[in-house]
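J.: Chains as they are written, first to last, in our numbering: chain Z, 17 to 266; chain X, 255 to 622; chain P, 302 to 554.
Treat the hints loosely; a few may be bogus.
Claimed, not checked - Chain P stretches covered by chain Z per the calculated footprint, using a threshold of three residues with CB under 8 angstroms from any CB of chain Z:
id: 1; stretch: 311-323
id: 2; stretch: 386-397
id: 3; stretch: 439-446
id: 4; stretch: 506-517
To be verified - Here are some chain P residues the structure puts well away from chain X; computed CB gaps all over 10 angstroms:
id: 5; residue: 356
id: 6; residue: 361
id: 7; residue: 421
id: 8; residue: 423
Honestly, the hints are just simulated from the structure, not real lab data. Keep in mind that this is a model prediction, so the values were computed, not measured. Glycine included, each C-beta is placed from N, C-alpha and C at the ideal position.
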Amino acid sequence: MSRLTTALAAPALLFALWWLSAAQGWLPEQLLPAPAAVWDALAETAASGDLQADILISLQRVGAGFALGALGGLAFGGAIGLSRTLRQLFDPLFLLLAQVPPLAWIPLVILAVGIDEAMKVTVIAWASFVPVVLGVAQGIRDVPAPLRELGRALTFSPWDLVSRIVFPAAVPAIFTGLREGLANAWQTLVAAELFASSEGLGYLISLGRQLFQLDLVLAMVLVLGIVGLSVNSALALVERRLLRWQAQAA
Amino acid sequence: MRTPLRFALLGFVLGTALAAVPALADPVTIRIGYPGVGADNRPFASGDIVAVAHAGHFVEDEFAHDPDVKIEWTFFRGAGPALNESLAAGHLDFAAGLGDLPSIVGRANGLKTRFILTDKVRDTIYLAVRPNSGINRVEDLAGHRLSEFKGTNLQLAADKVLAAHGLSERNARFINLDTGSALAALNAGEIDGTFGSIELLGLRDRGIVELPYNTKADATSFGRHSATFVTEAFEQAHPELVQRVVDAFVKAARFGADEAHRAAVFDLWAKAGYPPEAFAEDFDHERLANRLSPLIDDYVVARYRDQAAHVRQYGLIRKDIDVDGWFEPKYLEAALKAQNLENFWPKYDAEGHKVTIGDVEQTRSAAR
Amino acid sequence: MNAPARPILLGLLVPVLLIGLWQAIAAAHLVAPYILPSPAAVLARFGDELDGGTFGSDVWASLTRALVGFAIGAPAGIGFGLLLGLSRLAGRLFGPLFLAYRQVALFAWVPLLSMWFGGGEAGKLAFIAMAAFAPATVNTWRGAAAVPAPYRELSRALTLGRLDHLRLVALPSALPGVLTGLRSALIHAWLATVGAELFLDIAPGLGGRLNEGRDKFEVDLMIVALTVLATLGLGFSQLAAAAERRSIRWRRR
């Protein structure tokens with residue numbers, strides 16, 4: 017059996033079970049809506065244009081927040097990774113703040129910047145920031161000492177040292193941090209939109225919950241999965257390209 | 255072999271007797287849910303018959319001599335939608351004081367309940383805005399941000415008010431927030447307006463909000479309604495218990511609708527954390543019985559049919575529901591008969607005109 | 302200054318400066334006290350909560366919820382992860398489905414869970430268990446799939462049966478993955494507990510206090526709750542990391 021077939025076998029079976037259980041009424045419809053109902057909910061939101069608008073808004077929020085958080089994380093992570101003093105200064109506070117789930121900051125952030133875009137972008141940025149910092153710091157630690165020695169022996173300037181030796185060796189760990197940051201960003205986006213929103217995928221989910229429309233909730237869960245998969249695949253593509261280019265350059 | 259036989263017989267009789275005892279004394283817990291919480295999230299209700307019943311222990315008194323029957327109340331901060339989830343998960347037997355929108359939504363989505371008595375009708379809602387915001391009429395809300403507690407009867411009432419004054423999703427932004435969050439958001443300037451009831455009066459007195467509009471001054475058809483439901487499962491299992499719960503609620507309604515008890519009723523509701531003066535103002539120039547009536551008369555039926563149509567029209571449910579098959583007035587009728595209250599409350603027709611006068615209208619408040 | 306003291310002093314420098322700045326802002330009334338209470342006010346609130354209140358039982362409630370949810374989700378995740386890692390077929394059959402499931406943000410499942418289990422304890426525990434499940438699975442899967450080739454060769458050379466191979470070679474080498482999975486699951490369970498308490502019905506717990514602070518506009522309560530959260534979270538991750546280190550050391554012996 018081809019790789020694709022095996023991958024699709026389990027989902028297909030699950031779908032068949034779902035369809036069968038809805039058709040036979042094994043579970044009441046408010047606990048498990050039929051696939052047709054979920055499809056209808058999806059089609060309706062798409063037809064009215066709400067789905068596209070909400071996907072776009074959610075993507076914008078994640079994009080802005082993740083960009084901010086990742087860039088900040090790269091800068092801050094690099095700084096504390098490369099300078100022991102900076103690490104000793106900021107590590108304890110950073111680690112303590114990082115223990116609080118981003119979701120828990122939302123009430124305070126709302127007080128500071130309101131419930132609009134600023135709130136969502138802020139919490140998403142923070143949620144992305146933390147893993148990126150950890151990834152960068154880890155990546156820098158991962159650089160084998162011999163490589164660093166080599167750089168020093170070749171009297172590389174600090175900039176060269178970082179860009180030609182440290183950074184390329186740290187790329188895998190940095191990308192792990194980026195991937196985790198992106199995952200965090202999505203989690204926080206949905207949480208923030210569930211908290212207080214008037215548009216977005218999370219808003220549609222919470223609307224579905226308030227109006228007891230489980231088919232809408234399931235439809236949005238599917239959409240989230242697909243959108244998340246696409247964005248993550250895009251990031252993975254960038255990572256593969258970068259590694260390939262890096263291997264070629266080496 | 256007579257002795258062993260005698261012992262065997264004795265054993266058989268004892269065994270059967272012992273086996274029967276648990277069957278007689280099967281403990282039952284009656285799980286009642288209420289869609290709301292009091293101030294500071296305390297587990298108390300106010301403003302309706304159920305609140306009187308809960309605060310006045312009417313249901314507990316009804317079952318005071320039944321050690322096998324326990325009463326369990328749950329108050330849902332998430333209001334109707336959260337209560338519906340509990341119903342769906344099979345964690346509740348009675349939904350007491352459930353608002354019209356969530357009960358309609360639940361029915362449309364397959365929740366199997368029976369409408370056994372009304373909890374309140376013609377409840378007033380107020381519009382709250384920040385002081386000096388320049389919003390003096392509902393129309394002024396155009397272009398602003400409003401909070402709506404989606405899925406609750408407050409949303410439905412608010413939607414009707416807004417629609418009647420020309421507002422919709424197109425010219426105002428609606429943000430889904432629960433009551434506590436909405437007040438905090440209004441306070442902090444995150445939203446410009448929210449609808450609510452008596453919890454807003456205290457805030458107005460403290461200068462935190464202004465109340466430029468209320469439905470009492472506009473049209474009572476804009477008010478909220480709520481009712482008490484029993485799950486079909488519980489009704490089939492314990493119809494006699496359903497009757498007794500209805501009896502207790504009717505007793506509470508009798509107490510709460512009587513003008514002579516006006517001050518006492520406000521004191522009972524004050525357990526929810528709001529001052530009795532707030533209730534006095536909310537019911538200013540209004541008889542208690544105007545809202546606290548358990549009857550399932552033509553008015554109530556027409557209101558629910560009407561609300562169901564509105565709900566469908568606003569796209570909040572996706573199929574029409576059968577309202578008529580929902581009502582089960584037999585328990586109510588039996589209770590009214592047993593307590594001699596068949597003519598206590600006035601009956602209204604579908605348009606809201608009084609058809610028969612009720613004895614309750616003879617009651618007078620002691621303060622007058 | 303001597304070497305051992307330097308990191309500690311430096312580490313304390315920034316927090317102390319920030320608190321000092323905070324105190325200065327509050328004292329100068331630059332921001333309204335109800336938006337930013339002074340550090341002293343927060344400390345006083347903390348004292349009140351410990352004295353008066355239910356804070357102890359709130360923390361306890363949150364902790365037990367986290368642990369029970371962890372106890373449900375983590376073993377399930379480990380079992381699933383072992384299946385995926387040790388059986389190539391299972392990995393190819395169910396792996397993609399699991400990866401697709403991971404794409405959906407955890408909080409998106411909240412409405413579903415509250416409809417299926419209600420918003421009470423059952424719903425919260427279901428959410429926390431789900432949160433613990435994924436990291437446990439991922440790490441165990443990775444560990445179990447990574448049986449080094451030399452070990453496999455050895456099994457084949459010794460003509461070990463399937464069961465023996467599992468018992469003597471595969472499972473032991475999967476152990477580090479399992480331990481990492483447990484550690485990650487514990488942390489995620491704790492993080493999810495706060496989420497569960499914020500989004501589902503009110504019940505005793507730290508999330509409930511945080512919500513209360515927000516509703517009543519009591520920022521001092523919010524800050525107290527957040528600080529306790531952070532401290533407990535730190536405790537959790539240190540505990541989990543220490544446990545993992547211990548078991549690896551024990552394994553080496």
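J.: Determine for every hint whether it applies to the structure shown.
T.: Now the hints, each set against the structure:
no.	hint	verdict
1	311-323	holds (count 7)
2	386-397	holds (count 6)
3	439-446	violated (count 0)
4	506-517	holds (count 5)
5	356	holds (16 angstroms)
6	361	holds (20 angstroms)
7	421	violated (7 angstroms)
8	423	violated (8 angstroms)
When each numbered hint is compared with the structure, violations occur for hints 3, 7, 8.
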